[in-house]
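Residue numbers (our numbering), protein chains in the order written: chain W, 1 to 626; chain B, 1 to 279.
Possibly wrong hints are sitting among the right ones.
Unchecked claim - In silico BS3-like pairs for lysine-lysine, Cα to Cα no more than 27 Å straight-line:
1) B:K171 / B:K197
2) B:K85 / B:K8
3) B:K46 / W:K523
4) B:K59 / B:K46
5) W:K523 / W:K606
6) B:K265 / B:K59
7) B:K197 / W:K542
8) W:K277 / W:K141
9) B:K265 / B:K171
10) W:K277 / W:K133
11) B:K48 / W:K542
12) W:K523 / B:K59
Hints were generated in silico from the structure; no laboratory data involved. If you're wondering where the values come from, they're calculated on a predicted model, not measured in any experiment.
One-letter residues, chain by chain:
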Amino acid sequence: MDNPAPAPERQLDTATVDEAIGFLRSEHADAVTLDDRDGYEGIIVEGGRLLDIARVIRDDLGFDYLSSATAVDYLGAGDHLEMVYHAYRTSGGGALVFKAQTDRENAEIPSLVSIWRGADFQEREAWDLMGIKFPGHPNLKRILMWEGFQGHPLRKDWREAYYEEEQKPFDSRWPGGHVHRAEEKNVFGKNVTYPPDIDLGRLMDTSESAVYQSLGLGVDVERIMDKDGFETNELVVNMGPHHPSTHGVFRMVLTVDGETVTSLEPVMGYLHRNHEKIGERNTYLHNIPFTDRLDYISSMGNNHGYVLAVEQLMSLGRKYNPPTYRCEALRVMMVELSRIVNHLWAIGFWLNDIGAFFTPVLYFVQERERILDFFEAVAGSRMMCNYMRFGGLFGDLPARIKSVSNLTNDRVRDYNTMQFLTEMINERIPRTIDDLERLLTQNEILLERSIGVGVLSREDAVNYSAAGPLLRGSGVAYDIRRAEPYSIYPELDFDVAVEEEGDMYARYRVRVAEMRESVRILKQILPRLEATAGESIWADGKPGAYAPRVPHGEAYGRVENGKGELGYYVVSAGGRGGSANPWRYHVRAPSFINLTPMGIMSRGHKVADIVGILGSIDIVLGETDR
Amino acid sequence: MYGTGLAKGLMLTLRHFVESYVDDVRYGFRKYHHSTDNFGIRQGTKTKGVITVQYPDEKVAVPERFRFVPFLIVEDEDHPTRAGKDWCTSCGICAKVCPPQCIWIVRGNDPNTGRPVPEPEAFFIDIDICMNCGFCAEYCPFDAIKMDHDYELASYDRTTHHIHDKERLSKPNSYWRGIAPTRAYEEMLVRGTWEHKDAAKEARRGAASSRASAPRPAAERPAAPQAEVASEASASGETAAPAPAAEGATPWTEDDAKREERRRKALERKARRAAKRGQ
Ligand code: SF4
Ligand code: SF4
Numbered sequence: 001m002d003n004p005a006p007a008p009e010r011q012l013d014t015a016t017v018d019e020a021i022g023f024l025r026s027e028h029a030d031a032v033t034l035d036d037r038d039g040y041e042g043i044i045v046e047g048g049r050l051l052d053i054a055r056v057i058r059d060d061l062g063f064d065y066l067s068s069a070t071a072v073d074y075l076g077a078g079d080h081l082e083m084v085y086h087a088y089r090t091s092g093g094g095a096l097v098f099k100a101q102t103d104r105e106n107a108e109i110p111s112l113v114s115i116w117r118g119a120d121f122q123e124r125e126a127w128d129l130m131g132i133k134f135p136g137h138p139n140l141k142r143i144l145m146w147e148g149f150q151g152h153p154l155r156k157d158w159r160e161a162y163y164e165e166e167q168k169p170f171d172s173r174w175p176g177g178h179v180h181r182a183e184e185k186n187v188f189g190k191n192v193t194y195p196p197d198i199d200l201g202r203l204m205d206t207s208e209s210a211v212y213q214s215l216g217l218g219v220d221v222e223r224i225m226d227k228d229g230f231e232t233n234e235l236v237v238n239m240g241p242h243h244p245s246t247h248g249v250f251r252m253v254l255t256v257d258g259e260t261v262t263s264l265e266p267v268m269g270y271l272h273r274n275h276e277k278i279g280e281r282n283t284y285l286h287n288i289p290f291t292d293r294l295d296y297i298s299s300m301g302n303n304h305g306y307v308l309a310v311e312q313l314m315s316l317g318r319k320y321n322p323p324t325y326r327c328e329a330l331r332v333m334m335v336e337l338s339r340i341v342n343h344l345w346a347i348g349f350w351l352n353d354i355g356a357f358f359t360p361v362l363y364f365v366q367e368r369e370r371i372l373d374f375f376e377a378v379a380g381s382r383m384m385c386n387y388m389r390f391g392g393l394f395g396d397l398p399a400r401i402k403s404v405s406n407l408t409n410d411r412v413r414d415y416n417t418m419q420f421l422t423e424m425i426n427e428r429i430p431r432t433i434d435d436l437e438r439l440l441t442q443n444e445i446l447l448e449r450s451i452g453v454g455v456l457s458r459e460d461a462v463n464y465s466a467a468g469p470l471l472r473g474s475g476v477a478y479d480i481r482r483a484e485p486y487s488i489y490p491e492l493d494f495d496v497a498v499e500e501e502g503d504m505y506a507r508y509r510v511r512v513a514e515m516r517e518s519v520r521i522l523k524q525i526l527p528r529l530e531a532t533a534g535e536s537i538w539a540d541g542k543p544g545a546y547a548p549r550v551p552h553g554e555a556y557g558r559v560e561n562g563k564g565e566l567g568y569y570v571v572s573a574g575g576r577g578g579s580a581n582p583w584r585y586h587v588r589a590p591s592f593i594n595l596t597p598m599g600i601m602s603r604g605h606k607v608a609d610i611v612g613i614l615g616s617i618d619i620v621l622g623e624t625d626r
Numbered sequence: 001m002y003g004t005g006l007a008k009g010l011m012l013t014l015r016h017f018v019e020s021y022v023d024d025v026r027y028g029f030r031k032y033h034h035s036t037d038n039f040g041i042r043q044g045t046k047t048k049g050v051i052t053v054q055y056p057d058e059k060v061a062v063p064e065r066f067r068f069v070p071f072l073i074v075e076d077e078d079h080p081t082r083a084g085k086d087w088c089t090s091c092g093i094c095a096k097v098c099p100p101q102c103i104w105i106v107r108g109n110d111p112n113t114g115r116p117v118p119e120p121e122a123f124f125i126d127i128d129i130c131m132n133c134g135f136c137a138e139y140c141p142f143d144a145i146k147m148d149h150d151y152e153l154a155s156y157d158r159t160t161h162h163i164h165d166k167e168r169l170s171k172p173n174s175y176w177r178g179i180a181p182t183r184a185y186e187e188m189l190v191r192g193t194w195e196h197k198d199a200a201k202e203a204r205r206g207a208a209s210s211r212a213s214a215p216r217p218a219a220e221r222p223a224a225p226q227a228e229v230a231s232e233a234s235a236s237g238e239t240a241a242p243a244p245a246a247e248g249a250t251p252w253t254e255d256d257a258k259r260e261e262r263r264r265k266a267l268e269r270k271a272r273r274a275a276k277r278g279q
């Protein structure tokens, strides 16, 4: 109906991104303009036509996967708000980036939920944090902050309670750094403002219905349902935020008919700290250790995505050296070890969730400990690795993994690093995966609990922007390491793990297969490390600057992390010599977006399965809530 | 057949159960509290069975690169010219590079001229805010701030104990060389001297002929760490050293007596601090 070009359609869905943009510009010249800002890519779509164009992008051009949708506040640089969408093809290739702009006063952009369900949570987040309204959104409520919060915190003119200065480093620290605690200057209670129309009494209300009021479920907890003449109560059950099965402070509101779940609403934000606002106050370098705290199970992967995004931006400038080969090999090695750690952890805790309490998980954690020992010796910390730098790394491998006794009762260790690694990769990790399979893959209880439970169809998986094992467990062979390769992945030999069924068991199988593929990659990395021994990890032989300046532009760095696609959308405002702090820093968190289909996956299952389904998605709240 | 999967799994559990006692037998049931020399084997890649470390009866000594709340290096008391002097020049880079901005430095000024002097007047780190990222140590151009290995900082009251001032932060140079010999050695190679950059410069300027830039005896300089790797390629388990100082291969050597002395002093300092805090 809205597509005027039937003839070339067949090639359109395989056309390159540039051709696709060319097509959009010629066919929809009234609505589409090229984004020609310095260092930007993609097109700007006129707000009123966004739905039409998005439909063309999805159906005719074949960009069926909406990876990321986020908002940017260009206060002082055009004074508009902008939604930025990154759409991909599940067959692979680069992004079609399209944007829609709106003014800051009455910010409104049509909702894309009818086209990509995966936009659901992301648009809610944009409403919550940026204050853009999305007409057409089925449930436009705040998602990370609470209903009744004053303002939209990611707007550039919004200031946090402990605001000091727009950007770090703060002047008060040096040379006249007379220490004080932020809380002494800004006593809690005096810095909270409420919107004028808020009923404060309601926030104090502890009644049952108040607990659910803000969720927009349309449920009246006191209502009694009468179904088919049989009197039964449809009950609302609140799980979490403090519940051992939710892997952190995460809440699910279930409507149950007997034991059967009829609807499920994920509620999050309890661990929200506005990571992105902190990130925009920070300098580029400051953000690296902060990324560790997102998915704290695989911080190496978090580092990698972020440095890739900033390196993309830096490569626009003149003074940029790409990382050396050894550096890339080390990065890949660390990331693959993290993937193994992540999957061991995910499978272990999923087993906890479905009732195999702690025996299996401890077998796996034992192996994880060995890998973390290695991280600790190389990067200095077991979980908060903070290992990667722009264009390099914190340091090369130490010759020995070695400790010195310092505290009382300290026990020392001393291993040759390469030997430790070789033994881990060739013996211990494969043996652990074998054990894991022997323990679980044919275990009848596990089969019965997981086969056919929590099914996510192929179409839904794509449409809901599911990522990682959740997507590949539903038969979509989409792995960024292959679909849009980065680092040295193109030259490494490995397969994309994929299973067709889309249930919990399929996701388990995908994780096991991915661990085996990771071992395969690691075995290829070892000779590469030996061959490059002695090579510097820095292109010019010395560490990068502590306050790098980043040229004007935008970049989206995405990596295949253990939990799925982790993307960083970074905008640099540039200026003379580049900017020291990102203008916009957005994290496309797989744990967050993978929860979008949680509702449809749970419908019709028993409450006890919900716990397993959540476990099989594999979320971590540090990343979900950011 | 239904149930075979389960049975296989149970066999595996049984294996783990048996393996958890193998080490006990191997070390004559002295696994935990007495013997320290088998620790490297128990925690290595060859180990089987239980790997639990019985903290605090035994602790895993942290690797050299381990990072915990930073400390400031001051020159050793027995240094011929700079005893007790800060390595920090209050250049402010660590305060700028600190992500949560928990470092506060008051730059020292000469009371007569009013000009800045290369020594901080006050230095604070709010350890509640410090995220142990290690940037301060990584980017300090004078190697004056280092990440500590002492992670036992629990206290009863955060408001009075958790802002470390200069006195609390300062530790002697020898302490750093003790906890991280390889790193100290690598830093020395980059600086070109065991001394502070400025001291070395002064020494060069002052008496180029009479005194070498590095007054420390050459004997203390270890062989390059690379050589040591080549010579020791035996199984990782077997290389676990009871005390690294015993090996000539340790980059920065220190004899046992000196080491004990340092440890005793550190403990004393710690006790004094604890007493002061608890008074
Ligand atoms: S960077 Fe080093 S020398 Fe400069 S103020 Fe910090 S500790 Fe002192
Ligand atoms: S370790 Fe990181 S957070 Fe802590 S004082 Fe140093 S730079 Fe700041």
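Here is what the structure says about each hint:
A C-alpha spacing of about 18 Å is found between K171 (chain B) and K197 (chain B), which places the hinted pair at or below 27 Å, so the restraint holds. Proximity of K85 (chain B) to K8 (chain B) is assessed by CA-CA distance (about 66 Å); at most 27 Å being required, the pair is judged violated. Using a Cα cut-off of 27 Å, the hinted pair K46 (chain B) and K523 (chain W) holds, with the two alpha carbons roughly 19 Å apart. Of the pairs offered as hints, the one joining K59 (chain B) and K46 (chain B) holds, with about 20 Å between alpha carbons and a cut-off of 27 Å not exceeded.
As the CA atoms of K523 (chain W) and K606 (chain W) are separated by approximately 42 Å, the hinted pair breaks the 27 Å bound. At most 27 Å may separate the alpha-carbon atoms for a hinted pair to count; K265 (chain B) and K59 (chain B) meet this at roughly 20 Å. Only pairs whose Cα atoms come within 27 Å are accepted, and K197 (chain B) paired with K542 (chain W) is accepted, the gap being roughly 18 Å. At roughly 20 Å between alpha-carbon atoms, K277 (chain W) and K141 (chain W) fall within 27 Å of each other, so this suggested pair holds.
Among the hinted pairs, K265 (chain B) with K171 (chain B) is consistent with the structure: their alpha-carbon atoms are about 11 Å apart, no more than 27 Å. With a CA separation close to 20 Å, the supplied pair K277 (chain W) and K133 (chain W) stays within the 27 Å bound. A C-alpha spacing of about 41 Å is found between K48 (chain B) and K542 (chain W), which places the hinted pair above 27 Å, so the restraint is violated. Using a Cα cut-off of 27 Å, the hinted pair K523 (chain W) and K59 (chain B) is violated, with the two alpha carbons roughly 32 Å apart.
In the structure shown, a violation is registered for the earlier hints numbered 2, 5, 11 and 12, in ascending order.
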